[in-house]
Amino acid sequence: DRALRAVAVAFIRQTGPEKLAPWPFPAEGWAAAKELLLDRVRLCDPDEADRTAGILDRMRKEWEAWQPGHWGDFGPTGSDQLLRPLGQFADEKAQSMTWAIPSSMRGVDAECQIEVTSQYAIEEGQS
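Quick note on numbering: our numbering labels position 70 of the sequence shown as 70, and the sequence is numbered without any gaps.
Honestly, the hints are just simulated from the structure, not real lab data.
Computed from a prediction, not measured in an experiment: that's the story for all the values here.
Just so you know, not all the hints are guaranteed correct.
Below, a list of computed lysine-lysine pairs in the DSS-like style, where the Cα atoms sit at most 30 Å apart [said to hold, decoys possible]: (1) Lys19 with Lys61; (2) Lys19 with Lys34; (3) Lys93 with Lys61; (4) Lys34 with Lys61; (5) Lys34 with Lys93; (6) Lys19 with Lys93.
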């Protein structure tokens with residue numbers, strides 16, 4: 001779940017209006033992101049669906065309580081933004097009122113094993 005916040009925000013920003021701001025809370029985009037994410041979790045790992053739904057509910061409560069003025073960037077972290085790069089210095093207030101987001105997928109799942117497969121080509125040749 002280290003990248004869950006980043007994925008939810010990316011979906012909302014990519015599917016919402018061009019000038020979408022993080023406040024007021026984008027309820028329609030959030031509902032669509034939550035539905036998409038939970039559908040995917042139910043498909044991939046149904047045992048994680050309830051836990052993920054709980055995380056998403058907590059995320060919404062945080063977002064609505066913080067009322068962020070902007071999305072955030074790679075500059076200095078302030079408590080008026082929603083996102084900050086993981087590992088970037090942030091004072092105590094900013095740490096408690098922003099989400100630390102990985103800026104690279106390299107460190108998201110260190111236990112992941114990759115396998116390059118030709119199965120798609122094999123199946124394509126059999127059809």
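Against the structure, the hints come out as follows:
1. Taking the CA atoms of Lys19 and Lys61, the gap is about 23 Å. The hint holds against a cut of 30 Å.
2. Taking the CA atoms of Lys19 and Lys34, the gap is about 21 Å. The hint holds against a cut of 30 Å.
3. Restraint check for Lys93 and Lys61: the C-alpha separation of about 17 Å stays at or below 30 Å, so the hint holds.
4. Between Lys34 and Lys61 the CA atoms are separated by roughly 13 Å; this keeps the pair inside 30 Å, and the hint holds.
5. A hinted pair counts as satisfied when its Cα atoms are at most 30 Å apart, and Lys34 with Lys93 qualifies at roughly 27 Å.
6. A distance of roughly 27 Å separates the Cα atoms of Lys19 and Lys93; the hinted pair therefore holds under the 30 Å criterion.
Of the numbered hints stated above, none is contradicted by the structure.
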